[in-house]
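**Q** So the chains spell out like this:
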Amino acid sequence: MSKNKKDLVIDNKVAVLNQKLKDNLIFESLKENLLKMRDLFKDDDTFVTREFENNYDPSLKYGLIYCNGLIDAYIVNENLIKPLMTSSKVLSKDKIITELLSHVITISEIKKTNKIKDIIENITYGDIALFIDGVDEVLLINTKKFFVRPVTEPVNEQILVGPREGFNEYLYVNLSLVRRKLRTNDLKFKYLTLGDKTNTQVCLGYIDSIVDKKILKLLYKRLKNIKIDGVLDVNYLTELIRDNSYTPFRSTGYTEKPDTIVGKLLEGRIAIFVDGSPVVLTVPFLFVENFQSSEDYYLNFFYSFFTRLIRILGFFFTIAVPAIYIAIVAFHHEMIPTPLLINVAIERESAPLPASVELPILLFVFDILRETGIRMPSNIGQALSIVGALVIGQAAVEAKLVAAPIIIVVAFTGITALLVPKLNAPIVFVRIILFFLSASFGLVGLVCGLALLFIHILNLKSFGVSQLNLDGQFKFQNIKDQLFRAPWGKMKRRPPMLAPGNVKRMSKAGVKN
Amino acid sequence: MGKFKIKYLVLIFTVFLMTGCWDYVGVDNISIVTGMAIDKDDKTNNYKAAFEVVNIDVSNKIEVVKTEIVETMGKTLFDTSRNAKKRLMNKLYFGDMEVVIIDKKIAEKDGINTILNWFLRDTEIRGTLNFVISEEKTAMEILNNNALNHPIVGLLIKEILKNDNGVTSSTIYQPLYRAYNNLHDNGCSLAFPIFRIVENDGKETLESNGIAVFKKDKMIGQFQSNESKYYLFISNNVNGGLLTFDSNKDNIDDITLEISGNNTSKKYSYEDGKFKFLITTNTVVHLSEADEYHANISVKKIKELEKQAEQLIEKNIQKIIKKAKSEYKVDVFSLGSVVYKNNPKLWKKVKNDWGKKFLETEIEVKSDVDIINTGFFK
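As you go down the protein sequences, you meet chains X and H in turn. In terms of the working numbering, the first sequence opens at residue 1 and continues consecutively. In terms of the working numbering, the second sequence opens at residue 514 and continues consecutively.
You may find that some hints are simply not true.
Said to hold, decoys possible - Residues on chain X that point at chain H, a partial pick, calculated with CB under 10 Å: (1) Asp43; (2) Pro83; (3) Ala330; (4) Thr338; (5) Ala355; (6) Leu453; (7) Ile457.
Unchecked claim - Lysine-lysine pairs mimicking DSS-like chemistry, simulated, CA-CA at most 27 Å apart: (8) H:Lys520 to H:Lys622; (9) H:Lys579 to X:Lys400; (10) H:Lys729 to H:Lys716; (11) H:Lys518 to X:Lys461; (12) H:Lys869 to H:Lys854; (13) H:Lys729 to H:Lys604; (14) H:Lys604 to X:Lys400; (15) X:Lys461 to H:Lys520.
What the hints assert, rightly or not - Non-contacting residues of chain X with respect to chain H, defined by C-beta distances greater than 10 Å in every case (computed): (16) Val173; (17) Leu401; (18) Val428.
Just so you know, these hints were derived from the structure itself, not from any lab. Idealized CB from N, CA, C, for every residue including glycine.
This is chain X alone, in the form it adopts within the complex (with noise of 0.2 Å):
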């Protein structure tokens, strides 16, 4: 069977029509464009369209489609459609596109797209799709208007000195936080894409001259190597991003305040940006960032010193008492006092379960009440420390259904853990766990566990980088801002394995007469 050659114009015609349909391209037919945008949003009773023409030239043929509340009515009426219907310029319909942006359409942001996908992303983000009759291109017009969060102070990372703005739940909100802060060509900032039903906007951003090269490439390789649904908070891609997959211990930073982002981006640290959270994670992660707080550098460092040891310490508490306790108790009872001996026995006598039962009952007795507090409604709190201190401590003793010291050996435990909020999910388990091999094996078992835990932080890693780096030397370059926190004027190098390729921080430390 032949075909003459009119056929095959037609049938050539056709596949391209088909290959458009099969690209989610659009086509130049308004009213084709208008119902298949109105198929797709089907059942959607916040989509809207809106047909409209030139006063002057009827064959002007213009459609709008947006999602009704994200959109803001008045710049759309003032900026879009009245210069739309009331231009008496003359379009050419070839260069009908060129000429609306450069002489009508006076609203700033404004991009081309042809893609059926990019109209869907960005109308469901507040933006106009104009469609013009005979033009296969759309133009997407930035028109949002969000209601969001004011810039408040983060309630997780309040602080006594120092900046109090935090993060909310709009990107570009967020990144003009950090943006105001770094006034420089160097900070960049690039945009990406994560899941498929979300479209969540991802921004990366980055000092150039500071960061890793090596360890940028290894975070787009990690992020484009995600193929997930949604991503609604930055701890999805914290979980998908880590190097080591089973560890309770975190591999990338986080925070709400931006004078935090701006202080770990100047350290060569890439900053993680999610739509919709106000959490910002950074990367690479090292260890003493658990004990880390952006005060630090605001306070005189002899009391930065000083909080940051307790919270070394608090950590090294928090984990380890409960084992510690039930180690002398049970065990090297010659590690006691006479006195506090006697004292602690006489408890214990009337205490009907042995303490290594007891212990691990009251532990999880507080991390129920802890989790409590924290899903109850604020307005019943205090019933809950009534139960809590009252009910469950002093009555449990006044009962004899425990002994005294446990109840003091769990309230430090629990009031411990608080001092360091990042290693929140590690603590539960590795303080168990070190109370199991302490109640079975007394000191022993303990050191044991404790040099395992040791061994298992040494050997985590944050995009390559060794969280806990010791090198086995012990200089000041190595520690000045882990133990301790040097004075300003001795930081005058960045942590080496952040910013291997540009370490010098600060050339003059100022002068002292």
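Use these hints to put chain H onto chain X, whose structure you have.
**A** Relative to chain X, chain H alone:
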């Protein structure tokens, strides 16, 4: 994980975990012994021991801690402790025992070697355990006494002994590890504190009363409280205490010096088969009481007082040396160890008749007192 790693893991676990001691014993499952008294039954020659055990009964939780005395008999010391279990809920725990009170008669007749033996071998006993000689009829009386300001006699005695050197210098602090060394080291001799019962405010209470001195492991005599200070001067253990004397020969002590530090050095020379010792004491004191010299004491007067104090020390040290030579005929001051430490070869030669040599030894005492502070008032 490869076979290699597993091998190392197993190795680590065996080394650390399989070789330790992991007896889980709750503190409520032990009977805490704080003191022990050892007597001997005259007829059967068995040991009669009394243990001071802390009463951890719940009912006295609010009150002060109470102790109970458990009295037992046994053929050996360890036997007595096991026999005590017959009356107690929990096994005796000796890790916190602070004091062992030994009857004077045992110390004099049988010697204390056999007693020390068990305490040295047992794993629970601490090296800081104190031994005390009882002057009373039985050692148990001291343990069964109402301690004055501490509910537990064992702890009270330990505190009395531990702080004695720095405050009164009236007795000796001789924990187990030192006692054993003194018993067996070359030229050393053993000494233990003595306790007795005295009346205080109508009630009986215990009190330290000087030092018991030993020949080998048998007690041969004692220095009273006032002599003990000078014994400690010789052995360089004085860190405190008072020196009182009268400055104007009216037999009423009017000067009190508080010792704040002392250093004693001992030197010897050996000529013609005879030893000659020089004991030098350097004492730093504060003038605490001087009734007759009110605000102003002249430097000259202070020098005079220093001289008098020096004479007092020299005189008293000579007195107890004389007592040791004439009554005990034993080198209770461990002077032999000075020879041994400086010249072991010489010691080897004279070791066997050191007892005799000591009696022939001439001992010179030189004392230097320095008053560094007189206090000041108008």
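**Q** Decide, hint by hint, whether the structure agrees.
**A** Hints, one by one, checked against the model:
Annotation: aspartate 43 (chain X) was flagged as interfacial toward chain H, and the flag is violated, the nearest CB pair being 54 Å apart, outside 10 Å. The interface hint given for proline 83 (chain X) is broken, as the beta carbon of that residue sits about 70 Å from the closest beta carbon of chain H, more than 10 Å. With a cut of 10 Å, the hint placing alanine 330 (chain X) at the interface with chain H holds, because the nearest CB-to-CB distance is about 5 Å. Of the supplied interface hints, the one on threonine 338 (chain X) holds, with its beta-carbon coming within about 4 Å of a beta-carbon of chain H, less than 10 Å.
The beta carbon of alanine 355 (chain X) is positioned within 10 Å of a beta carbon in chain H (closest approach about 6 Å), and the interface hint is therefore held. Hint status for leucine 453 (chain X) relative to chain H: violated, with the closest Cβ pair at about 14 Å, above 10 Å. With 10 Å as the threshold, the beta carbon of isoleucine 457 (chain X) stays out of range of chain H, its nearest partner Cβ sitting at about 17 Å, so the hint is violated. The straight-line distance between the Cα atoms of lysine 520 (chain H) and lysine 622 (chain H) is roughly 61 Å, outside the 27 Å bound, and the hint therefore fails.
With a C-alpha separation of about 20 Å, the suggested pairing of lysine 579 (chain H) with lysine 400 (chain X) holds against the 27 Å cut-off. A C-alpha spacing of about 37 Å is found between lysine 729 (chain H) and lysine 716 (chain H), which places the hinted pair above 27 Å, so the restraint is violated. As the CA atoms of lysine 518 (chain H) and lysine 461 (chain X) are separated by approximately 20 Å, the hinted pair is consistent with the 27 Å bound. With a CA separation close to 20 Å, the supplied pair lysine 869 (chain H) and lysine 854 (chain H) stays within the 27 Å bound.
With a C-alpha separation of about 34 Å, the suggested pairing of lysine 729 (chain H) with lysine 604 (chain H) is violated against the 27 Å cut-off. At most 27 Å may separate the alpha-carbon atoms for a hinted pair to count; lysine 604 (chain H) and lysine 400 (chain X) meet this at roughly 24 Å. For a cut-off of 27 Å, the pair hint linking lysine 461 (chain X) to lysine 520 (chain H) stands: about 25 Å separates their Cα positions. With a minimum CB-CB distance of about 48 Å to chain H, valine 173 (chain X) clears the 10 Å threshold, and the non-interface call stands.
Listed as outside the interface, leucine 401 (chain X) is consistent with that label: its C-beta sits roughly 13 Å from the nearest C-beta of chain H, beyond the 10 Å cut-off. Every CB of chain H is more than 10 Å from the CB of valine 428 (chain X) (nearest about 24 Å), matching its label as outside the interface.
Hints 1, 2, 6, 7, 8, 10 and 13, counting from the list given before, are not met by this structure.
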